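Going line by line, the protein sequences match chains A and B.
Sequential numbering of the first sequence, starting at 1265, is according to our numbering.
Sequential numbering of the second sequence, starting at 1265, is according to our numbering.
A portion of the hints provided could be inaccurate.
Chain copies aren't distinguished; within one or between two, either way the pair holds.
[As the list claims (entries may be wrong)] Capping the alpha-carbon separation at 30 Å, the derived lysine-lysine pairs in DSS-like fashion look like this:
(1) 1465 x 1444
(2) 1440 x 1663
(3) 1465 x 1353
(4) 1353 x 1585
(5) 1440 x 1502
(6) 1502 x 1353
(7) 1440 x 1679
(8) 1353 x 1663
(9) 1516 x 1652
(10) 1353 x 1679
Everything labelled a hint here was simulated from the structure, so no lab data went into it.
These numbers were taken from a predicted model, which means no experiment stands behind them.
There are 2 protein chains.
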Amino acid sequence: MTTASICTIGDEILIGQIVDTNSSYISRELGAAGIRVNTMLSIGDDHDRIVQALRNELEHNDIVVTTGGLGPTKDDITKAALSELSGSKGYVEHPGQMEMVFRILHSRGLEVLDTNRQQAMVPDTCEVIVNRLGTAPIMVFRFDASRFGHPATLYSLPGVPHEALGAVADVVADIKSHYKLESITHSTIMVYGMAESALAKRIEAWEDALPSDMHLAYLPNQLTGVRLRLSVYGGDGKENAARMEERFAELKELLGDMVYSDGDDTLQGAIGRLLRGSGRTLSAAESCTGGEIAHLITTVPGASEYFLGSVTSYAPEVKIKVLGVPADTIEGCGIVSSRVAAAMAEGVRRLTGSTYAVATTGWADAYGDEREPAGTVWVGVAGPAGTKTARFNYKNDRKRNIERFSASALNELRKMIESDLKV
Amino acid sequence: MTTASICTIGDEILIGQIVDTNSSYISRELGAAGIRVNTMLSIGDDHDRIVQALRNELEHNDIVVTTGGLGPTKDDITKAALSELSGSKGYVEHPGQMEMVFRILHSRGLEVLDTNRQQAMVPDTCEVIVNRLGTAPIMVFRFDASRFGHPATLYSLPGVPHEALGAVADVVADIKSHYKLESITHSTIMVYGMAESALAKRIEAWEDALPSDMHLAYLPNQLTGVRLRLSVYGGDGKENAARMEERFAELKELLGDMVYSDGDDTLQGAIGRLLRGSGRTLSAAESCTGGEIAHLITTVPGASEYFLGSVTSYAPEVKIKVLGVPADTIEGCGIVSSRVAAAMAEGVRRLTGSTYAVATTGWADAYGDEREPAGTVWVGVAGPAGTKTARFNYKNDRKRNIERFSASALNELRKMIESDLKV
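Pulled out of the complex, with its shape left as it was, chain A reads as follows (with noise of 0.2 Å):
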């Protein structure tokens, strides 16, 4: 199988200033092509140490894949080690990452300083992806195998985390177009409403009845719930696809409107694909979640097609005066509450005339009050059909209780459209 190192380049990392995610990512976009990734490595701004550790993994491994160190200022050194394990004589312009260098900058209204022009000028012993999304290039080093003992190629990617996630299908299309990969068939479903353990227990014998060839991997994530996929490493790719889509027709089954898609998918995804081309609009009000909920329906393009607003009612006085929360049903009920949830859903739905309108009242820190503990929160929906809330009590800290509660809100108002949609 072929394998692959991935290296991060750069103090910040190794300081602990910041976490490590593109390594994450691009691992999973790796695996996902048929790539076995053997090991994943941090290392500083130390000219030496970048060369004797590269060396290291492209002795040990097919393809090493670094991020970070290209950027144009001078703790950037990434380019130059790569110069000197490559032994290259000297630097070279590269045209099509040139013009980009002048594109990007331009557009965002700056001069091209000789330190971005230096972005486009590379070791003469690498091809060049050009990076669409930043000035840096992607460096693209072959050895053959009178180097490291076998053919090995090293990707430089920029750190920048959108740059690097954007390089990723180029340099995965390069390997594919080089190396000879196993095939790796995926397909994956997405379960909102039950913990990861939960979910094991409950589809145990499913599980146990998979046949040996096909791998499940449970992937929990508070946004979207768990995602279940299953693999199958080699053999004929459409026939493995077609027997994975009978074994998620008996789970759907088994876990009836807790599926909410077939692919890699996220709540908000799903309501986007209800309610395109509908003609059905949606509205939110949110206190605890404070925009969240806002912010992630309009994550997905062409939200504005049905998505006509919100209102984060963070104060009281707002809840009262903008979406009409009759006051009284605050003091007598509690600001969090099943009465507030359901009157500040059909608040923003009058307000903006929407068809379906989603509303969050909670506690996501760590106090509540007599009636309701700290990580509580109310959801309520509001449609043709009448209004509906539910109650959900999670235990995290303050930023993971506002994603879970925006998450909880989103697969409640997920399930009122998907039920309307079947009558």
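Based on these hints, arrange chain B on the given structure of chain A.
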């Protein structure tokens, strides 16, 4: 300087299923104690690979800290690898950890199984620091100079994050009692409003004049701007901190109100610091940013003290009906315009009665209209001294544009509040 390598063991990180956050924390703690972390490494559950990789790290570092692979199940093989690496002749029971195994399982109402007892069995070549948070012991292997050419110590920690992090203080104390450590001093300021390369050019003379033992790093981020970090290795920590503060004071003169914070911070955190305890309040009106600004503001603990709420007015009717933006302003100036941004900010300020308001209207997607191109945002900020607007244009995808729009808006707001406080 005493050097360290941090190694995580386990397939789940390598295949990208989880992101390694332990290493980042451990690195910060080691760094604060005066240990330079040279390498972070992730390797899979493979016996030979673990032995080979750890041997390599011990050859190149004074200290190796491993996490993971100590659980009771079959895929946990770190202990066997460490046994081989250290030339152990067998396992011995550690009474202190055995007591802990019994205590923890009993407190959970669980029976102590054979696999649990084996947790307290350790290679006869190690010392044990009792893990009070879990059943797996913290193992310490000390190697004299005859083995790797220098004295070296390996600490094996559990992978479960709260157990790993809980063990770090004990590990640092042990290192301090065995090594003479130098100081490492870092200092950071946050700059918003200039691209990394332009900033580097602006401060070039200042950077060139830094003493040779002071290292500068640029850490750009879409949401927080550029973080500038000075580091000094060795010497007197207090004195170095004072020397760095002097340099940063010069830099602040140079950069003016682009510097928004002294330490690791965010724009919304800086705004929180300005508003908290001031009696002043805040609201937001968002169009293209769709709730992201409210979300960012409310990620700051204690935001409820000053943040009253926000309106996401995605549809024009919501701008008109809820925020009171005059329909003929939208008609006459365009939906993405200075006048609409100002009217939105003023509208939500009126609606909520807040001291300050921030508003956005823009084209986050790949299209604009005849007045403003794709990637344009108009930001409005309203306060006691009046209303200001500013225009920005970015050429990113939808998600990045939303982030940059939000950060630009928060920065305009931050500047307005700061300038009010100076009067």
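Cross-check of the supplied hints:
1. With identical chains, the CA atoms of residue 1465 and residue 1444 are never at most 30 Å apart, being 39 Å at best within one copy and 46 Å at best between copies.
2. In the homo-oligomer, the alpha carbons of residue 1440 and residue 1663 lie at most 30 Å apart only across protomers (29 Å), although the nearest pairing inside one protomer, at 40 Å, exceeds that limit.
3. Taking the shortest Cα distances, residue 1465 and residue 1353 sit within 30 Å of each other only across copies (28 Å), while inside one copy they are farther apart (61 Å).
4. For the homomeric pair residue 1353 and residue 1585, neither the shortest alpha-carbon distance inside one copy (71 Å) nor that between copies (67 Å) is at most 30 Å.
5. Proximity of residue 1440 and residue 1502 under a CA criterion of 30 Å is satisfied intra-copy only: 18 Å inside one chain copy versus 54 Å between copies.
6. Taking the closest pair of Cα atoms, residue 1502 and residue 1353 never come within 30 Å of each other, the shortest separation being 48 Å inside a single copy and 45 Å across copies.
7. Taking identical chains as interchangeable, the C-alpha atoms of residue 1440 and residue 1679 are never at most 30 Å apart, the minima being 41 Å within one chain and 50 Å between chains.
8. Taking the shortest alpha-carbon separations for residue 1353 and residue 1663, neither the intra-copy value of 51 Å nor the inter-copy value of 41 Å comes in at or below 30 Å.
9. Proximity of residue 1516 to residue 1652 under the C-alpha cut-off of 30 Å is restricted to the intra-copy arrangement: shortest distance 24 Å within a copy versus 54 Å between copies.
10. For the homomeric pair residue 1353 and residue 1679, neither the shortest alpha-carbon distance inside one copy (63 Å) nor that between copies (49 Å) is at most 30 Å.
Of the numbered hints given earlier, the model fails hints 1, 4, 6, 7, 8, 10; all others are met.
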